[in-house]
Amino acid sequence: MGDHRFDDLATLGAALRSGETTSVALVEAYQEAADRLDPQLGTYLARFDDAALAAAAAADAELAAGHDRGPLHGIPLGIKDIIATDEGPTTAQSLVLDPHWGEGGDAPVVARLRAAGALVLGKTTTMEFAIGTPDRTKPFPVPKNPWNPGHWTGGSSSGTGNGIAAGLFPAGLGSDTGGSIRLPAAYNGVTGHKQTYGLVPKCGVVPLGFSYDHVGPLARTARDCATLLQVLAGPHPDDPTTVARPPTDHTALLDRGVAGLRLGVARAATVDGGACDPGVAADFDAALAVLEGAGAELVGVDFPLWDELHDACFLGLFAEAFAWHRATLASRWEDYGYDTRMSIVQGGLLSAGDHVQTQRVRQVGRERVMALFGHVDLVLTPTAGTVAPAFGAPAMDRERRLRALFTPPFNSLGFPALSVPMGFDGGLPTSLQIAGPPFEDALVLGVGAAYQDLTDWHRQVPELARG
Amino acid sequence: MDEQHGRVDDVALVGAILAGAGITPSDREVASLRRLLPGLRAQVDRLYAVDTGDAAPAAHLRAAEILGSAEEAHHG
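Quick mapping for you: the protein sequence lines, in order, are chains A and B. Take the numbering used here: the last position of the first sequence gets the number 467, and nothing is skipped along the way. Take the numbering used here: the last position of the second sequence gets the number 1076, and nothing is skipped along the way.
Don't take every hint at face value.
Now the stretches of chain A that chain B is said to cover, found in silico as 3 or more residues with beta-carbon under 8 Å [what the hints assert, rightly or not]: (1) 80 to 87; (2) 180 to 188; (3) 358 to 364; (4) 451 to 465.
Short derived list, chain A residues pointing at chain B, Cβ under 8 Å [stated by the list, open to error]: (5) Asp7; (6) Ala115; (7) Thr248; (8) Leu298; (9) Glu399; (10) Arg401; (11) Gly414.
Worth flagging that the hints you see were computed from the coordinates, not collected in a lab. We put the CB at the ideal spot given by N, CA and C, even for glycine.
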């Protein structure tokens, strides 16, 4: 049997159905790779080896008996450890989280994946409560970048991002409150999709900023993300923010191409905003040329209230996180990692009026950005202005560090955004962000797929992970 | 009180606000938060500078309203 560790979901599915491999063989290969690489990369907080093998054997038996659950049948996944699973506890990579949290079993997103035939290899590293930075004083792995372990993975879906890049699983789940799916996707050279707010239920997931949180897929390709979203999406009675909509095929536009689309290029807010490295800007220009060459019309746009929506993300999520953590910040301050507690506590320094104004700006922002989408179909930016930061590098000043993240405005808006690999700068991946109006996830994913049909950045494999 | 500038000292302010919530960071951490405060306030002030008119706060995306208003604008 060949090495399928770096295959996309369609290739894995074909190999499973042709008999060229089995789900058990895939699980064993991923587990062997994890034995070798996880100590270097810090991908896992918990592995469910026996349960995964049993689930794989069951999936193989079903397939052999003619019961095919669809494109995720027999596919192993990594799940960020803020999402509840049946196999083991959820820690949120924290000493503080109640050990009984999540004992209710699978989060609905995990249950939906399982019903579609997927299985869970383990729980992946995050930043504590999905915020902060890696903290070496706490008893948890520090996730490292497979392209250069001297660099961070980004976060907070760190282990899901670096695990896909290193071939420890083909796809997985993350969450995104200010960029926590798209940034680790960008820094590790994989694909990540933050869907429209309300499309995927968040119950069974440890909250950070209730109104900014999204749960979604990371994978090798936009096509894979669409396949996962098709299973994840849909309202749930335990998450009142989910939206009941007519059934939508999120894979419907994967072969549409980009011809005839008007793609807005938000350059002033990002590339020309003083927080973008020249190497990233050059890769962005090259990506734009690919899309233009495929028939898209590129239109320069002035993104309304970019800086304000950026600020509204951090201010709002600090306030919402503070509300959830206030009691434990008071009783267990030292048990939190330094950066996590010092981030969340800033929400306690905001007034009630400040938080209300944040929400008013989000509403006005949505209206103005919707007006922009009356002129263009989608908007393009780099996902981040830099590659993955090095451990121990001199810290950028806080303002520039945050401004170099081009993801938070789409959390303030709740609009969909996809990040896809677009090149390398200094040996580390760079990434293109494709964003759209609400519930145009299929178009966002379709443009990502079109770009990946024309490029092979998403097919690159880190040297460290080979073999 | 900072008598020269006529305002409450920020370190004392940060410590007092958090103490009111039962949260007691170290003196060093309070000093770090005090250094973050001007940036935080500048971000907040930037939000108050947006012309939000009578817009109601809306934390969650209420997509039906947004899509409805866009549709209305599109069709005049």
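Okay, the hints, checked on the actual structure:
{"no.": "1", "hint": "80 to 87", "result": "violated (count 0)"}
{"no.": "2", "hint": "180 to 188", "result": "violated (count 0)"}
{"no.": "3", "hint": "358 to 364", "result": "holds (count 7)"}
{"no.": "4", "hint": "451 to 465", "result": "violated (count 0)"}
{"no.": "5", "hint": "Asp7", "result": "violated (35 Å)"}
{"no.": "6", "hint": "Ala115", "result": "violated (26 Å)"}
{"no.": "7", "hint": "Thr248", "result": "violated (13 Å)"}
{"no.": "8", "hint": "Leu298", "result": "violated (22 Å)"}
{"no.": "9", "hint": "Glu399", "result": "holds (6 Å)"}
{"no.": "10", "hint": "Arg401", "result": "violated (12 Å)"}
{"no.": "11", "hint": "Gly414", "result": "holds (3 Å)"}
In this structure, the hints that do not hold are numbers 1, 2, 4, 5, 6, 7, 8, 10, in rising order.
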